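Participant: Below are the chains, spelled out letter by letter.
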Amino acid sequence: MKEIIRYLNDIIKGLCTLVKGMAVTGHYFFHPKLITTQQYPENRATLKMQERFRGEVIMPHDANNRHKCTGCGICEMNCPNGSIEIITRMIETPEGKKKKVIDKHIYHLGMCTLCNLCVKACPTGAIVMGQKFEHAVWDRSQLTKVLNQPGSEIMTDEKE
Amino acid sequence: MNQTDIANYIGNLFPEAIISRGPQFPTIEIPPEKLITLCRKLRDDEQLAFDYLFCLSGVDMPDHMTVVYHLESTWNGHCAVVKTHTTDRKNPVIDSVNDIWPTAGFHEREAFDLLGIRFNNHPDLRRLFLDDSWGFPLRKDYTDPARIVER
Amino acid sequence: MAFDIYDFTSLTSSIHEGLATFLPPVGVLVAEWLLVGISVLLFVAVFGLILVYLERKVCALFQQRLGPMRVGKWGLLQTVADFIKLLMKELITPNKADKFLYNLAPFIVIIVTFMAIAAIPFAKGLQAIDFDIGVLYVSAVASLGVIGILLAGWSSNNKYSLIGAMRSGAQIISYELSVGLSLITMIILAGSMQISEIIQAQSTGWFIFTGHIPAIIAFIVFLIAGTAETNRGPFDLAEAESELTAGFHTEYSGIKFAFFFLAEYVNLFIVSAMATVLFLGGWMPFHVGSFEGFNAVMDFVPPIFWFFGKVMFVIFVIMWFKWTFPRLRIDQILTLEWKYLLPINLLNILLMTLIVLMGWHF
Amino acid sequence: MTTTTLDFDTIKTQEYLVNMGPQHPSTHGVLRLVLKLEGEIVHNVDPVVGYIHSGIEKMCESLAYHQIPHLTDRMDYLSAHMNNEAVALCVENALQIEVPDRVKVIRTIMAELQRLASHQLWWCVMGMDMGALTTFFYGLRDRELILDIFEETCGARLTLNYSTPGGVMFDIHPNFQKRVKDFIKYFRAKLPEYNQLLSGNVIFRERTIGIGHLSQKDAIAWGVTGPSGRASGFACDVRKHHPYSAYDRVNFNEILRTEGDTYARYQARVDEMSESLDIIGQLIDNIPEGDHQVKMKGIIKLPEGEFYQRVETARGELGVFIVSDGKKNPYRVKFRSPGFSNLAALNHMSKGVKIADLVAIMSTLDLVIPDIDR
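Protein chains in written order, with this note's numbering: chain P, 3 to 162; chain V, 14 to 164; chain L, 609 to 970; chain D, 70 to 443.
So here's chain P without its partners, still in its complex pose (with noise of 0.2 Å):
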């Protein structure tokens, strides 16, 4: 008699705890509105990324096409997996002095892990992460960058 009452217990128990489970999934489908789905390409314009999230190297120009890049190399020195390559030259001041300044800050974003080590170490703070993280191109060769626009120069402090 034992053994029959808890045979019954045993189904009774279990087809319990089925229902809970139940009850759970049933509540989601009758509560739609909790879904958490979002449409991605559809909401582009309204997809704010996070202020720190690290998307890719950039160096911020401004109006007058200067940055703050002196070519020190630091960045290339931090980079794990040499993904930063400077290329500096040398130019003449209007005073007549030597002096290196940046040709190429060329960036391989398909070698870049997003460490932060590079922006973290560069001293004058010329290069930032950028919060584009859609950089599927077609071809491999679109990934390497040249971080400083053609052109441009360094920002030099007696401007301001």
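In silico DSS-like pairs for lysine-lysine, Cα to Cα no more than 27 Å straight-line: (1) P:K106 <-> P:K134; (2) D:K366 <-> P:K102; (3) P:K35 <-> D:K250; (4) D:K370 <-> V:K96; (5) V:K153 <-> D:K396.
In silico negatives: residues of chain L with every beta carbon more than 12 Å from chain P: (6) L637; (7) F730; (8) Q802; (9) I816; (10) F899.
Note that these hints are calculated values from the structure, not bench results. None of these values were measured; they are calculated from a predicted model. Note that beta-carbon positions come from the ideal geometry of N, C-alpha and C, so glycine has one too.
Since chain P is already given, all that's left is putting chains V, L and D on it; use the hints.
Facilitator: Relative to the frame of chain P, chains V, L and D by itself:
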């Protein structure tokens, strides 16, 4: 037991072991032929009772191959490091501790795979990660011109 | 042609008479066969697609998702797009597969579902064949599908497929018992195996209400066993994707895969339709005792809507099972059948016989 | 009538081999298991790893110390923060730097959030392995909130690279405390749902209780750590026994169970989730003021010697063993990854179980394949 106690206790049992105090763990250096006796003692001795091998690493030192065993006693709560080394870099052979701590089996396969250290009496000493034609990449003299770029 | 949505008998008989005016009797028979065949084919294709869409939407809602939204409004055309994609896929036959059986298996599975649909009454007079052993016929034909699954698993030359097929064989043969016994319980109550008569017997009240506790127990058992027989979660061991990747249809692609896929959903429909016929009164409207006004309103809804409404409800419950429960293990499935469902079922038949003999049912 | 009797001696059964993986839905990546089966019964499991071996230990030998953490993100990507922390702590201990209290507390909160996120992902994948697909979405829904918190403070969702030698990469975001508190409140309300869906479910219990038993002795001998080891009664919580960061100033229970079966491993993780919520709750209001970074030299050089650091990741004990020769690059780095040792015990645990049980056992070990392969 604290570091000094362990050092004294083992020093009495194994006079050939070189025992030094490290910043974290006492280190016992033992010649490879004595390794198994030491390890058995370490595990079975009631005062020591090192029953948990939490790390086994092979290191390629400039003139010898070292295997480092990190041990903990879950009963007494103390830790120790056992080191053994072989100077034969060409064909380093060290006894396996697999039957003392079964967890060593996988770690020894890894050490064999990456450093080429052979473990005697290991039941299943095959390469773990790489295929059979590969060299031993964690050795300092390993070269791979296709994949390693010097900067 | 007389079209009456409440009674299709007049429609079918007028088609029959219309055909008879210009065709010899044999021609009429052939023409009717063709007509029925084409409509069943159309029904299976369209209803299968609708069910696939519904399944995706229902499971999305259970999972707090939106489901397909891109193709058409609310993704309505998603399954059509999927079907076109499946049609265009390459048909791959693995090396060393038993080519004949491998190609035969999906056809067996899909043909069996067509055969079962023949006996399903969609509305009054809308039934291809009204056998006097209709219930037996459906349960016999529906269990043939396992042959296709076994063949598919065997002939694919893949160990995963074989394990899946063997599981499926063991499972379906066991659960056939429970389905059969719970059907017998209801046949005792109805006193007939003819589907139209079973439905007619429920004109005063659905069996699930008039049959007391045994009918409810039989309904629950039938739902569980029916889910198991259609190889759906939580009994989807034959394709258990976390264990066997895709089970018996691992190697199938393109339209052959689509056949398995479609057959699963049509089987789901057949099981739900049988549950509707036997427990929920088929196409009979919902009547409450002597509430004349209420009953009249209920009568106003055409039987075909009643039928499909009930079928959809049962399908929804079975989907609810699938998207809530973890999968059972093979030995647990057999334990559930032989140690729980079978004894309960046998007792239930005794109880039902007692009730019918004593005339305690309504 | 003649009756044919089956002569069972003449029917020969045969073991057969099945390759489960490297492409298989429930090996969680590119793990390959060579199964020796007899029908449904598993006789032997031979794990074949290395499909995602990336040579992190070798790469570390040519990197500076502050560059190593970003590689460890890719090891056990579900407990990226703990991996970073392990390297950071190891370097700090070697240099004998005392980081500010603020850093310690932030690291602890982050580690617990990461543990929660990892356990949530484990929970939903566990459900999926058992065939309950809906759990997958519920788990991910809640995990997403933690990842949003990470994104706001660390700038990344998965590969955080947040702990650096000497501190943390950024100070916490001004919204951090509020969002974490909101999350704790939200998730406490959601935990019963987890129990209703899986823990209490009769099918789930039948499938897990008594399956894949691992005794305490075996757990210690095989080095099975983390919730999997603690479910067998192996008190291996590094947070408790060798406290680091701010774990010595919070009260929490080490979840210990004695059964050692699949259900115990499951329950240990679920209990750990609420324990993690407790730890965060204790710390989140008491983040001390101060710097988020100690001033470090541009090039970190460790003194000559060997350094070992143990931390508790979501999967178990992670050890970082650095051999330094005094140069700016480590001489040898070894990661004792928890999944590696846990995987080694899989064969031991799954002798004689069915295929479905093997999937469940593997799921409760919570393997992350890059963590095994490194």
